[in-house]
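*Asks:* Chains as they are written, first to last, in our numbering: chain G, 1 to 139; chain L, 1 to 139; chain W, 1 to 139; chain B, 1 to 139; chain A, 1 to 139; chain R, 1 to 139.
Bear in mind the hints are in silico, worked out from the structure with no lab data behind them.
There could be a bad hint or two in this list.
Identical chains blur together in the list; that is why a pair holds if it fits in one copy or across any two.
Below, a list of computed lysine to aspartate or glutamate pairs in the EDC-like style, where the Cα atoms sit at most 20 Å apart [as the list claims (entries may be wrong)]:
(1) Lys125 - Glu80
(2) Lys88 - Glu99
(3) Lys63 - Glu99
(4) Lys10 - Asp61
(5) Lys125 - Glu9
(6) Lys125 - Glu99
(7) Lys88 - Asp37
(8) Lys63 - Asp37
(9) Lys88 - Asp129
(10) Lys125 - Asp37
(11) Lys125 - Glu33
(12) Lys10 - Asp37
Listed below, chain by chain, are the residues.
Protein chains: 6
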Amino acid sequence: MTDINSPEEKARYERGLAVLTEVDGGSAPAVMENLADIAPALAHHIVAFGFGDIYARPGLDPKQRQLITLGILASLGGCEPQLEVHVKTSLNVGLTPSEIVETFIHTAGYAGFPRALNAVGVAKKVFADRGLLPVSSDR
Amino acid sequence: MTDINSPEEKARYERGLAVLTEVDGGSAPAVMENLADIAPALAHHIVAFGFGDIYARPGLDPKQRQLITLGILASLGGCEPQLEVHVKTSLNVGLTPSEIVETFIHTAGYAGFPRALNAVGVAKKVFADRGLLPVSSDR
Amino acid sequence: MTDINSPEEKARYERGLAVLTEVDGGSAPAVMENLADIAPALAHHIVAFGFGDIYARPGLDPKQRQLITLGILASLGGCEPQLEVHVKTSLNVGLTPSEIVETFIHTAGYAGFPRALNAVGVAKKVFADRGLLPVSSDR
Amino acid sequence: MTDINSPEEKARYERGLAVLTEVDGGSAPAVMENLADIAPALAHHIVAFGFGDIYARPGLDPKQRQLITLGILASLGGCEPQLEVHVKTSLNVGLTPSEIVETFIHTAGYAGFPRALNAVGVAKKVFADRGLLPVSSDR
Amino acid sequence: MTDINSPEEKARYERGLAVLTEVDGGSAPAVMENLADIAPALAHHIVAFGFGDIYARPGLDPKQRQLITLGILASLGGCEPQLEVHVKTSLNVGLTPSEIVETFIHTAGYAGFPRALNAVGVAKKVFADRGLLPVSSDR
Amino acid sequence: MTDINSPEEKARYERGLAVLTEVDGGSAPAVMENLADIAPALAHHIVAFGFGDIYARPGLDPKQRQLITLGILASLGGCEPQLEVHVKTSLNVGLTPSEIVETFIHTAGYAGFPRALNAVGVAKKVFADRGLLPVSSDR
Numbered sequence: 001m002t003d004i005n006s007p008e009e010k011a012r013y014e015r016g017l018a019v020l021t022e023v024d025g026g027s028a029p030a031v032m033e034n035l036a037d038i039a040p041a042l043a044h045h046i047v048a049f050g051f052g053d054i055y056a057r058p059g060l061d062p063k064q065r066q067l068i069t070l071g072i073l074a075s076l077g078g079c080e081p082q083l084e085v086h087v088k089t090s091l092n093v094g095l096t097p098s099e100i101v102e103t104f105i106h107t108a109g110y111a112g113f114p115r116a117l118n119a120v121g122v123a124k125k126v127f128a129d130r131g132l133l134p135v136s137s138d139r
Numbered sequence: 001m002t003d004i005n006s007p008e009e010k011a012r013y014e015r016g017l018a019v020l021t022e023v024d025g026g027s028a029p030a031v032m033e034n035l036a037d038i039a040p041a042l043a044h045h046i047v048a049f050g051f052g053d054i055y056a057r058p059g060l061d062p063k064q065r066q067l068i069t070l071g072i073l074a075s076l077g078g079c080e081p082q083l084e085v086h087v088k089t090s091l092n093v094g095l096t097p098s099e100i101v102e103t104f105i106h107t108a109g110y111a112g113f114p115r116a117l118n119a120v121g122v123a124k125k126v127f128a129d130r131g132l133l134p135v136s137s138d139r
Numbered sequence: 001m002t003d004i005n006s007p008e009e010k011a012r013y014e015r016g017l018a019v020l021t022e023v024d025g026g027s028a029p030a031v032m033e034n035l036a037d038i039a040p041a042l043a044h045h046i047v048a049f050g051f052g053d054i055y056a057r058p059g060l061d062p063k064q065r066q067l068i069t070l071g072i073l074a075s076l077g078g079c080e081p082q083l084e085v086h087v088k089t090s091l092n093v094g095l096t097p098s099e100i101v102e103t104f105i106h107t108a109g110y111a112g113f114p115r116a117l118n119a120v121g122v123a124k125k126v127f128a129d130r131g132l133l134p135v136s137s138d139r
Numbered sequence: 001m002t003d004i005n006s007p008e009e010k011a012r013y014e015r016g017l018a019v020l021t022e023v024d025g026g027s028a029p030a031v032m033e034n035l036a037d038i039a040p041a042l043a044h045h046i047v048a049f050g051f052g053d054i055y056a057r058p059g060l061d062p063k064q065r066q067l068i069t070l071g072i073l074a075s076l077g078g079c080e081p082q083l084e085v086h087v088k089t090s091l092n093v094g095l096t097p098s099e100i101v102e103t104f105i106h107t108a109g110y111a112g113f114p115r116a117l118n119a120v121g122v123a124k125k126v127f128a129d130r131g132l133l134p135v136s137s138d139r
Numbered sequence: 001m002t003d004i005n006s007p008e009e010k011a012r013y014e015r016g017l018a019v020l021t022e023v024d025g026g027s028a029p030a031v032m033e034n035l036a037d038i039a040p041a042l043a044h045h046i047v048a049f050g051f052g053d054i055y056a057r058p059g060l061d062p063k064q065r066q067l068i069t070l071g072i073l074a075s076l077g078g079c080e081p082q083l084e085v086h087v088k089t090s091l092n093v094g095l096t097p098s099e100i101v102e103t104f105i106h107t108a109g110y111a112g113f114p115r116a117l118n119a120v121g122v123a124k125k126v127f128a129d130r131g132l133l134p135v136s137s138d139r
Numbered sequence: 001m002t003d004i005n006s007p008e009e010k011a012r013y014e015r016g017l018a019v020l021t022e023v024d025g026g027s028a029p030a031v032m033e034n035l036a037d038i039a040p041a042l043a044h045h046i047v048a049f050g051f052g053d054i055y056a057r058p059g060l061d062p063k064q065r066q067l068i069t070l071g072i073l074a075s076l077g078g079c080e081p082q083l084e085v086h087v088k089t090s091l092n093v094g095l096t097p098s099e100i101v102e103t104f105i106h107t108a109g110y111a112g113f114p115r116a117l118n119a120v121g122v123a124k125k126v127f128a129d130r131g132l133l134p135v136s137s138d139r
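With the rest of the complex left out, here is chain G (with noise of 0.2 Å):
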């Protein structure tokens, strides 16, 4: 078994950890501490693998893995903790407010209004406590 503790996978870790440090915006860090006493294993594979693996890939920059990421949590559903955190991350890594809420319209098309409508509505929380509302929306 792999050994989360071992010079290889802290260096795996490390690598995933700055990536997840760059664009989070400070975010992150509480659901993988919330993860300590239960699932450490698992908050090492989402930093080592979900973001030094992949999320560190140059094939798409942050701004637009953001979008994807924001499409695909609206579009599953029953994600809004995620979406939460993504939302703050968009926003970190230079999004606008506008753009996260055009993904989220653009989601309507595909997955339906009511996906659409719960993402905007967990935009709107992080929004309104960063005092980013109105959102100047493009009609």
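Based on these hints, arrange chains L, W, B, A and R on the given structure of chain G.
*Replies:* Quick look at chains L, W, B, A and R alone, frame taken from chain G:
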């Protein structure tokens, strides 16, 4: 881009709003107002397209459309806020509490018991608020 | 364990089979027979529970149950074989091709265009086989 | 229609209730009672069919059935209330906290990290209530 | 009801068709024509609403919209026919094969490996037809 | 970015491949080879992460992991190609045809009959190819 403030779009919106107002019994406006400072275009299109273009079509009557909508929302999962609106709309167009519950029981066979249970839970909250419990369900 | 060959279960099965035979117009037996050498108990329970216990309940009539079922199957996605059976069943209980198509158009707003398109594609195949094209859809 | 108060159905129900009582450790009755004034037939069929007909089948033992159920509920998403019941049931039939968490980590590869995180979140709440944290997970 | 043959609707349709024609590189018309004898209104609304109202909005450019669409369709599952159209559209608006594949690899973490594998399978078929294999993916 | 050709990654891959080879009975390599000209990194990560990091964890044995995987894939829907691979893998690690079918019957209650039917259909094809029909299912 579609200018949602053009006379043509305002006419489409008004057409949709007339349908929505007739079927929803006052539950939906809050959803629409909630979008005003973040995604007014989404509210516009839900009304103009969702109700004006689709719901208004004569092929199915409002009771039939609500039965279908309840089945869809229950099956998708994670649409509890929309289910709440549509349970209220369903009552408003004349579906009985028993028919609403029956729809969710029917859903169990196609989408499993958990989806059915969550939908019944939403209905129970609405029915309790309106003094509609117990439901005289057919066995 | 439930002995599906006991007199009580055979009676339940017969009750379900009577409902199924009445509504499906001969499409379902092939599905059931297909299970005979791999999961006869699943076939038994679909008939005894799905049709005998649930479908037979008086709260909704067969047309209503089919509308709901079409909406659910379209929305779940990946249920094309079941959609095909239920499009046939829907015709058999008296839904018109136009009502079937309308159900899938209605689905678009709640589950997105791709689900609606795939469901219409299934209906088209069934309608073509039966000489029911073109559908005189409203507008 | 199936008369859920007939002697045959009461016998089916009792058979299912015996299975349910044995496996669930007292978590499920609240779910069933909650249905009493809105959908008693749904409660009947969950017990009679879900537990009496299916769960009682000898092909898989309760631990195996719970592992499968946990994987399904985590993957479907939006089934947090049912996951909570089934995490408790899983503990009751003898799965360890570590096996439960491991199931959700396994789920990540097939249904993605968000589904796994939400499921672990549910387990954490149950484990915290029962003093089962930290989980001595295998690295 | 919305008269899709009215001058206003024809104008909306034309606006949508202009967007669709610009982005899709000729893949979509077949989908639309396929609806002509069964659900012409669905075709109308996909073009008028999906492309004229939504896709045409300036908040996101076509490359961004395609990345989001690919992520959504891959994650929903069972949308292989729509994925095929959108892989072609994505190439047409200037996404590279490598970016398309990268989007599906990114999807793996959020929706699991099976969804990613099915989407890559669709892309492979399109790329093979167009002589775009092997993809010079970034390691 | 993770260099999948580095010694550390090759070691991770080899660890995963050893697990995969042990459990899959020769079904998976074709999937991996199929990715060689389009997404070799995806193949790498499925092996290194999916099998080396996750599947190899000692908390659950291969039979348990396969039961969970079958339940997940059946429930997600649209994963027939992956189900086929995993039905073969399940046989290879020692699950009986009866246990595989039982898993899908169990799935019916949680994800509905259509998902169960599609999964049984995949199993039937595999079992037919291997002369494992009829399955001596319990009842």
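*Asks:* Taking the hints in turn, state whether each one holds.
*Replies:* Each hint, compared with the structure:
1. Lys125 - Glu80: Both, since 11 Å and 18 Å are each at most 20 Å.
2. Lys88 - Glu99: within (13 Å within a copy, 24 Å between copies)
3. Lys63 - Glu99: Both, since 10 Å and 13 Å are each at most 20 Å.
4. Lys10 - Asp61: Neither way: Lys10 and Asp61 sit 25 Å apart in one copy and 26 Å across, limit 20 Å.
5. Lys125 - Glu9: neither (37 Å within a copy, 29 Å between copies)
6. Lys125 - Glu99: Close inside one copy (16 Å), not across copies (32 Å); limit 20 Å.
7. Lys88 - Asp37: Intra 25 Å, inter 18 Å, cutoff 20 Å: inter-copy only.
8. Lys63 - Asp37: Answer is neither: 32 Å inside a copy and 24 Å across each miss the 20 Å cutoff.
9. Lys88 - Asp129: within (11 Å within a copy, 31 Å between copies)
10. Lys125 - Asp37: Intra 29 Å, inter 12 Å, cutoff 20 Å: inter-copy only.
11. Lys125 - Glu33: between (23 Å within a copy, 15 Å between copies)
12. Lys10 - Asp37: within (19 Å within a copy, 31 Å between copies)
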